[in-house]
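Between the sequences and the hints, there should be enough to build the whole structure, so can you do that?
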Amino acid sequence: MAILDQGPPHYKKMLPPIIEENYGKWKYHEIPRPGVLKHVGESGAALYSVRVGTPRLVSIDFIRDVCVIADEYCDGYLRWTTRNNVEFLVSDEAKLNPLLQKLEAEGYSVGGTGRSVSNIVHTQGWVHCHTPATDASGVVKAVMDDLYEYFNTMKLPAKLKMGLACCLNMCGAAHCSDIAIVGVHRTPPRINHEVIRKGTEIPSLVASCPTGAIRPDPKNKSVIVNEDKCMYCGNCYTMSPAMEIYDPKNDGIAILIGGKTSNARTSPSFSRMVIPFLPNTAPRWPETTEAIRKILELWIANANDGERVGEWVERIGWERFFTLAELPFSDMLIDDYIFSRETFRTSAQFKY
Amino acid sequence: MAILDQGPPHYKKMLPPIIEENYGKWKYHEIPRPGVLKHVGESGAALYSVRVGTPRLVSIDFIRDVCVIADEYCDGYLRWTTRNNVEFLVSDEAKLNPLLQKLEAEGYSVGGTGRSVSNIVHTQGWVHCHTPATDASGVVKAVMDDLYEYFNTMKLPAKLKMGLACCLNMCGAAHCSDIAIVGVHRTPPRINHEVIRKGTEIPSLVASCPTGAIRPDPKNKSVIVNEDKCMYCGNCYTMSPAMEIYDPKNDGIAILIGGKTSNARTSPSFSRMVIPFLPNTAPRWPETTEAIRKILELWIANANDGERVGEWVERIGWERFFTLAELPFSDMLIDDYIFSRETFRTSAQFKY
Amino acid sequence: MTEKNTPLLDELEKGKWPSFVTEIKRAAVKSEAAGELLQVLERSYKERRGHWKHGGIVGVRGYGGGVIGRYVDEPQTYPNVAEFHTVRLLQPSGWFYNTKTLRTVCDIWEKYGSGLTNMHGSTGDIILLGCKTEHIQPIFDEFSEAGFDLGGSGSCLRTPNCCVGPGRCEHACYDTLEACYNITNEFMDELHRPMWPYKSKIKFSGCANDCTSSIARSDCSVIGTWRDTLRIDQEAVKEYAAKMNIKAAVCDKCPTSCLTFNAETQELSVVGEDCTRCMHCINVMPKAIQPGKEKGATILIGGKSTIVQSAFMSWVIVPFMKMEAEDDFAEFKDLMRRIWEWWDEHGKSRERIGETIYRLGMTKFLNGIEVAPVPQMVFRPRANPYVFWNQDDLDRSGTALDGSKL
Amino acid sequence: MTEKNTPLLDELEKGKWPSFVTEIKRAAVKSEAAGELLQVLERSYKERRGHWKHGGIVGVRGYGGGVIGRYVDEPQTYPNVAEFHTVRLLQPSGWFYNTKTLRTVCDIWEKYGSGLTNMHGSTGDIILLGCKTEHIQPIFDEFSEAGFDLGGSGSCLRTPNCCVGPGRCEHACYDTLEACYNITNEFMDELHRPMWPYKSKIKFSGCANDCTSSIARSDCSVIGTWRDTLRIDQEAVKEYAAKMNIKAAVCDKCPTSCLTFNAETQELSVVGEDCTRCMHCINVMPKAIQPGKEKGATILIGGKSTIVQSAFMSWVIVPFMKMEAEDDFAEFKDLMRRIWEWWDEHGKSRERIGETIYRLGMTKFLNGIEVAPVPQMVFRPRANPYVFWNQDDLDRSGTALDGSKL
Ligand code: SRM
Ligand code: SRM
Ligand code: SRM
Ligand code: SRM
Ligand code: SF4
Ligand code: SF4
Ligand code: SF4
Ligand code: SF4
Ligand code: SF4
Ligand code: SF4
Ligand code: SF4
Ligand code: SF4
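Those sequence lines, one after another, are chains A, B, C and D.
Counting from 1 along the first sequence, just add 6 to a position and that's the residue number in this note's numbering.
Counting from 1 along the second sequence, just add 6 to a position and that's the residue number in this note's numbering.
Counting from 1 along the third sequence, just add 186 to a position and that's the residue number in this note's numbering.
Counting from 1 along the fourth sequence, just add 186 to a position and that's the residue number in this note's numbering.
Among the clues, some could well be false.
[Claimed, not checked] Cut-off 27 angstroms, straight-line C-alpha distance, at most; resulting in silico cross-link-like pairs (DSS-like, lysine-lysine):
| # | chain 1 | residue 1 | chain 2 | residue 2 |
| --- | --- | --- | --- | --- |
| 1 | C | 550 | A | 357 |
| 2 | B | 161 | B | 204 |
| 3 | C | 200 | A | 357 |
| 4 | C | 473 | B | 44 |
| 5 | C | 239 | B | 300 |
| 6 | D | 591 | C | 232 |
| 7 | B | 255 | B | 227 |
| 8 | B | 44 | A | 357 |
| 9 | A | 33 | D | 385 |
| 10 | B | 19 | C | 190 |
| 11 | D | 508 | A | 204 |
| 12 | D | 232 | A | 19 |
| 13 | D | 591 | D | 385 |
| 14 | D | 239 | D | 202 |
| 15 | D | 534 | A | 19 |
| 16 | C | 239 | B | 255 |
| 17 | C | 479 | A | 357 |
| 18 | C | 473 | C | 519 |
| 19 | B | 31 | B | 44 |
| 20 | C | 202 | B | 31 |
| 21 | A | 19 | A | 165 |
| 22 | C | 190 | C | 318 |
| 23 | B | 33 | C | 473 |
| 24 | A | 161 | D | 202 |
| 25 | B | 101 | C | 239 |
| 26 | A | 18 | A | 33 |
Read the hints as simulated data drawn from the structure, not as lab findings.
Here the structure is a predicted model, which means the values were calculated and not measured.
Encoded structure:
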């Protein structure tokens with residue numbers, strides 16, 4: 007009989023002695039080299055964390071491999087970060103370089119600290135979900151390969167936090183990322199009336215549509231979609247399998263930029279759409295990697311020291327960003343939903 | 007037979023020769039003393055405008071009086087400003103001081119230029135409208151009397167633009183003023199079912215309510231007001247006399263601050279509510295004059311040079327403003343309408 | 187005229203600011219209506235409520251508006267203000283007058299009305315406050331004779347107004363006085379014959395100081411601006427430098443930090459492409475800085491006050507438009523016709539155009555008026571990915587399974 | 187296991203970033219399901235569409251969630267992934283592990299599942315990707331035995347997570363690891379037995395850097411902060427001054443301009459009451475500046491992603507709350523119960539709490555949870571005058587006609 011409600015494993019059992027000893031008494035940190043954090047306690051003790059990129063979707067072999075390394079260099083302690091990187095926790099400074107050599111030899115990717123691109127928060131995509139408009143892991147792999155030089159160095163103007171969501175549910179919480187990659191559908195759902203009749207709760211389905219595009223069709227015991235009102239969010243499909251929305255020819259990726267969640271300097275902000283659509287050119291999404299690289303390089307070339315993507319764009323103005331980025335501006339980028347009004351330029355101040 | 011559609015009198019006939027000659031060729035201006043503008047043309051010609059406060063609601067005797075003055079000192083030319091002040095247009099510098107002496111002797115109020123309080127944009131109130139929650143001219147008189155020292159001097163940190171609207175229709179366009187005085191009702195309309203039956207278009211009446219508080223009552227051929235949903239905007243009363251909303255015990259004044267319409271430095275901004283209610287203590291509204299003076303003096307004491315009220319409050323933060331102003335903060339000041347979300351503090355940054 | 191006590195109102199004759207009570211009393215000397223107004227008002231002050239009823243429909247032949255009907259709630263007690271309507275007269279551009287014109291106004295109004303006016307109404311009209319129904323047509327006839335016309339009321343184009351502009355302001359980027367005059371004349375039918383979902387206002391400001399508050403107070407705000415770079419007179423800069431701290435008062439307050447004062451050379455320089463033409467530096471140093479040479483206006487749409495959907499400020503629809511009397515403001519007029527046509531077709535009753543655009547989306551509006559979207563229209567792009575696609579766009583951007591364009 | 191070609195996926199084994207394809211292939215060596223997943227995925231890459239169907243309801247005895255049902259759309263072709271469910275396990279606070287624990291996870295998962303995992307899911311769980319319905323209960327039983335428990339799914343409290351906090355960060359203003367552990371344990375019923383209108387998430391960040399992105403990713407964001415003034419070590423300031431431009435990199439970027447570096451004395455001073463605790467200066471100079479002594483957290487409510495009403499960020503509900511293990515986080519727990527109760531009563535189905543508050547108004551929410559309004563909750567007060575009044579307030583503020591209070 008399983009024990010119910012016993013909760014997560016106790017974190018205290020997972021902490022290396024150096025952490026137990028310096029718990030809550032860390033004094034400062036340094037980043038001696040990309041991928042390595044040095045935290046110094048009030049006691050003077052130093053803990054080195056070595057950050058290693060992972061594809062997040064890993065086999066148990068991978069986990070066992072990192073365990074072997076952790077046993078050898080970290081007394082068996084390691085952790086994962088909020089961005090799915092592994093951190094090897096080295097208490098013995100003497101083991102730091104050997105560990106780094108080992109990681110290099112085995113082909114691990116050390117980086118992601120300070121002013122770098124870290125791992126991309128992402129989702130399931132074609133690997134495991136039913137609503138994706140694009141794949142998750144594949145796009146991430148393609149983008150991270152392309153930006154690798156910015157992962158294992160710290161030469162960016164500031165941190166770059168990316169997120170990917172394979173549909174508008176945004177499980178990758180991309181909505182507040184420096185650069186967000188979002189899978190988008192672009193055609194209305196196809197109604198399977200059979201399936202609806204077999205037991206979809208029609209009122210809930212109708213209520214699920216943000217724009218009121220779905221209305222009941224009592225005669226058919228089904229629903230009707232007003233295609234002019236549909237903006238392909240897929241929420242109806244989440245509610246009911248009868249509303250299939252994938253469309254290989256038209257699904258793809260939108261790019262939003264300029265979000266952040268930290269409160270450092272500026273308040274957190276949403277990402278804003280700058281490219282409404284890029285095609286789903288699996289397996290390596292060249293249009294997407296290229297578009298992102300272009301934005302990133304523009305930021306590198308133009309940002310002030312320490313300026314996140316959104317801080318930079320807000321400083322120069324979005325209208326200037328579009329000029330510099332040579333990205334076409336279209337009505338698709340203008341908000342027309344509930345909070346659109348706050349995006350309208352109610353000012354005579356702007357750049358040409 | 008009247009001539010239809012002949013349009014306004016032609017402005018060209020109203021321009022003094024100096025303006026005709028320098029039309030569109032003004033070079034700069036100075037404010038030699040409060041209430042006097044000196045505009046210099048490329049030609050070197052100088053036009054002096056002497057600004058005089060008016061109650062806006064004036065008799066034809068007043069107009070004739072100023073005509074006499076204009077004839078004597080301005081070759082018969084004068085104008086009104088967007089804030090209902092008179093401007094005497096003096097082309098002959100020699101006549102400036104005599105004019106000023108004359109105005110002083112006759113008790114006219116010269117001022118309203120530069121860093122001063124100018125006249126208050128306002129409305130009809132009890133003088134001529136059917137929906138007012140307070141009077142207009144009386145409140146303006148009381149406030150301007152109190153702030154007179156700031157009208158005929160230029161010792162404020164920046165311009166102070168006030169507006170008054172006697173009901174939420176906001177004919178005084180107070181919604182973007184440094185300090186806005188707004189007449190507010192606070193109890194739901196009283197339905198006169200007789201009058202409704204006599205010919206109110208019920209669907210329009212129902213549609214007029216911003217919060218959906220009104221629903222048809224077909225049995226009674228009238229309507230029902232859900233009092234919990236009513237926020238006393240009076241729009242239903244504008245639609246139908248059957249929805250009387252004045253209430254002597256509970257009508258009064260709300261104060262909003264920090265709006266502006268110029269694009270100088272910062273973009274235009276809405277005024278924000280800081281006092282939800284002050285009583286209608288006619289004839290001199292002491293609570294209102296006092297509240298405004300307190301805010302104004304706080305601004306004077308704390309603003310940087312050139313900072314409008316809203317610029318100052320935004321710099322220090324609204325939370326700090328409430329502390330400094332010793333004004334109670336209540337849930338009434340928190341937005342709960344369509345665009346409320348943008349007012350919520352989605353940030354961990356704030357002052358205590 | 188019955189002499190009555192007005193103890194409460196008398197309080198409002200005290201103090202330094204000119205008193206409207208005094209003005210009503212002056213009018214009351216000649217007008218019984220004005221005298222009764224005083225009594226009605228005294229009662230309002232005592233009872234703290236208004237005593238005016240909803241206006242019925244009153245007006246003149248040939249027009250659908252221009253007069254606001256007003257009736258007191260106790261006509262027996264106050265027979266002289268039983269009918270007390272307002273006549274709105276179109277003001278001359280910039281509220282410039284010669285005394286002759288003003289005296290004409292006074293004379294006609296003395297003949298028929300209360301002798302009370304608002305100089306001016308909040309929308310801009312000359313407001314003649316209080317007359318009887320029977321006098322409306324004669325009043326109009328005489329004013330018409332004298333060269334005046336009625337202003338707007340009802341669901342129509344309301345009386346446009348404008349700032350003093352080139353008449354007396356060095357900042358004016360287009361001729362606001364002429365624009366207001368010319369365009370008001372162009373749209374006489376729209377102004378005098380209400381036929382839209384609701385009212386619509388235009389205000390003309392010569393520069394971004396927006397002295398008519400057009401961005402808040404009108405559905406269409408025409409705000410002067412320029413396309414090239416502001417002009418700096420370095421000699422004049424040096425004069426200012428002698429008496430003020432240019433860096434603190436000007437450069438540090440420039441919203442885009444595009445001004446630099448070189449303390450050594452005493453010269454001021456601007457990064458022209460970064461300037462957002464906010465007017466601040468020009469305001470502070472009018473002798474030294476002036477707008478660029480290529481002048482025109484930004485057109486913004488949607489401003490209105492609180493009721494129903496909230497107050498809206500106008501937003502940019504055309505970043506830069508030439509506003510020239512030479513071509514009769516053709517581009518602007520053409521745009522306005524398209525805008526009103528779209529609104530007339532899509533707006534609900536009592537829905538201002540800003541609300542219609544908000545409800546239907548800016549995209550539909552821009553398509554409807556055939557204006558191409560540009561980033562200047564928004565502070566920032568959308569945060570949600572709720573994009574509508576049409577078949578054309580899909581055809582252009584879709585991809586066949588072999589990776590080729592469709 | 188059938189060996190099949192995966193030419194498209196093979197492309198994703200190239201490049202420097204670690205490859206998930208390689209990982210699936212490694213799992214496929216031992217797991218037929220993983221092998222078939224590769225084929226399904228290759229097909230998705232070819233056809234550019236997913237092949238998974240909606241999940242049916244699968245689960246374990248005693249819980250209402252924790253497992254996501256997943257079925258392939260062509261079970262005949264891919265029998266080994268016909269059922270391919272996800273098990274969510276509660277991760278240890280801060281994702282700290284010893285290798286023993288990790289090996290236990292691997293061993294149990296090897297026995298029953300595909301051998302594929304996400305370390306970690308986006309909400310924070312250990313994600314075990316792909317197992318059959320019949321194995322769900324045994325998997326849970328064994329994990330339970332080994333000290334693990336299921337995470338959240340459905341309309342319940344989702345698995346909370348937290349930043350590394352005091353475990354390895356000098357900035358932590360409260361014990362995020364303990365808070366996450368303790369509070370997750372407190373709300374086991376809310377987590378395991380879905381009964382709310384929709385999902386609800388909590389994330390714990392030790393300071394305003396918000397390394398869990400709690401403000402965007404959780405309905406309740408607990409962000410560490412302090413009440414007094416940050417502490418400056420002037421000696422350390424001098425060391426920094428030797429190698430960096432403190433004014434440019436720190437003072438000029440302080441959002442409230444409350445830091446001054448005195449170049450002469452080489453000292454840094456702060457106007458404590460103006461500091462909004464944004465963390466910037468501390469981030470740049472961690473050796474010299476640290477948070478104040480009176481530490482706790484700001485509680486923010488309402489964060490969520492795009493669907494339905496738009497993405498919301500959490501907003502301030504409690505500016506400062508002590509978060510102490512000593513009192514068992516009592517105040518926080520009590521608040522959360524009140525919040526959920528209110529939401530449970532007023533929320534519509536599939537409406538996140540932020541949407542419920544937006545729909546009904548913050549006033550109703552604050553009254554409901556008995557929290558007094560403070561200006562810190564808003565960036566700025568309302569711009570519209572649409573205030574609701576209740577009889578109590580009217581009684582307090584109304585005025586009789588003689589001017590006396592009612
Ligand atoms: C390990 C991790 C927390 C954890 O519990 O896992 C972490 C750890 C640290 N963060 Fe973070 N942050 C981590 C995710 C985040 C996130 C969330 C995210 O990435 O999704 C954010 C908010 C992102 C955003 O704003 O959009 C975040 C915003 C920051 C910031 C603010 C940066 C800014 O200027 O906006 C700092 C301060 C700094 O770096 O100067 C910071 C600072 C730090 C410090 C320096 C704190 C310290 O003194 O130990 C740590 C090392 C940072 C580094 O990598 O250079 N951390 N940090 C997370 C590492 C993720 C990764 O693998 O890359
Ligand atoms: C006469 C008038 C225009 C008219 O056609 O009638 C006018 C005239 C001038 N305005 Fe104005 N403004 C006039 C109403 C406005 C308004 C509208 C209003 O008051 O409702 C505004 C926008 C208000 C707002 O932002 O809320 C306005 C915002 C400005 C500004 C921007 C101030 C700022 O820093 O925000 C300036 C620039 C300045 O003064 O430095 C300006 C500047 C000027 C200058 C200096 C322009 C010039 O060079 O001639 C004129 C003298 C200003 C003075 O009084 O010191 N004018 N000005 C209006 C006088 C009203 C009055 O009687 O007081
Ligand atoms: C006379 C005037 C106030 C004044 O004392 O100056 C005025 C008076 C009235 N306004 Fe106004 N409005 C006046 C300028 C405004 C302005 C200001 C402006 O134009 O710059 C506004 C705010 C700007 C705007 O248009 O949004 C304004 C927004 C309203 C509204 C709300 C419209 C809205 O969409 O929110 C109403 C309600 C309505 O139209 O039913 C309204 C309605 C009214 C009515 C007709 C009352 C009614 O519902 O029947 C008032 C007649 C009073 C009377 O009997 O004299 N009035 N009204 C102004 C017109 C004078 C003129 O023609 O020059
Ligand atoms: C597994 C995971 C993505 C991942 O690859 O990591 C995930 C996967 C799914 N999410 Fe999610 N969500 C996951 C984190 C998130 C997050 C991020 C977070 O928690 O920080 C979000 C955005 C934040 C938020 O909660 O708003 C998120 C927002 C959604 C939504 C939209 C909710 C909304 O209110 O807008 C849905 C739709 C729904 O619930 O019906 C959704 C629904 C789903 C479903 C259950 C699809 C569905 O409708 O049935 C996905 C199951 C995929 C599968 O079969 O594996 N998922 N989902 C994440 C959970 C792992 C874990 O437990 O650790
Ligand atoms: S973002 Fe959409 S498609 Fe991707 S895992 Fe979440 S629900 Fe599935
Ligand atoms: S995809 Fe979204 S907008 Fe379209 S019908 Fe479904 S729920 Fe409505
Ligand atoms: S603000 Fe209201 S009460 Fe005052 S004049 Fe306008 S409509 Fe009448
Ligand atoms: S006063 Fe306003 S909110 Fe109240 S019933 Fe009338 S229209 Fe509705
Ligand atoms: S808006 Fe500009 S041009 Fe017009 S009066 Fe004001 S400052 Fe002058
Ligand atoms: S007009 Fe405004 S933005 Fe342009 S340079 Fe002057 S202050 Fe700067
Ligand atoms: S949120 Fe703050 S306390 Fe937590 S890891 Fe990040 S910087 Fe450290
Ligand atoms: S924490 Fe932020 S607001 Fe406070 S002093 Fe440092 S930089 Fe300024």
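Each hint tested on the structure:
no. : hint          : in the structure
1   : C:550 - A:357 : 25 angstroms, holds
2   : B:161 - B:204 : 58 angstroms, violated
3   : C:200 - A:357 : 51 angstroms, violated
4   : C:473 - B:44  : 13 angstroms, holds
5   : C:239 - B:300 : 36 angstroms, violated
6   : D:591 - C:232 : 16 angstroms, holds
7   : B:255 - B:227 : 30 angstroms, violated
8   : B:44 - A:357  : 32 angstroms, violated
9   : A:33 - D:385  : 38 angstroms, violated
10  : B:19 - C:190  : 43 angstroms, violated
11  : D:508 - A:204 : 52 angstroms, violated
12  : D:232 - A:19  : 46 angstroms, violated
13  : D:591 - D:385 : 48 angstroms, violated
14  : D:239 - D:202 : 33 angstroms, violated
15  : D:534 - A:19  : 41 angstroms, violated
16  : C:239 - B:255 : 20 angstroms, holds
17  : C:479 - A:357 : 17 angstroms, holds
18  : C:473 - C:519 : 34 angstroms, violated
19  : B:31 - B:44   : 14 angstroms, holds
20  : C:202 - B:31  : 37 angstroms, violated
21  : A:19 - A:165  : 32 angstroms, violated
22  : C:190 - C:318 : 23 angstroms, holds
23  : B:33 - C:473  : 7 angstroms, holds
24  : A:161 - D:202 : 18 angstroms, holds
25  : B:101 - C:239 : 48 angstroms, violated
26  : A:18 - A:33   : 21 angstroms, holds
Of the numbered hints stated above, those contradicted by the structure are hints 2, 3, 5, 7, 8, 9, 10, 11, 12, 13, 14, 15, 18, 20, 21 and 25, listed in ascending order.
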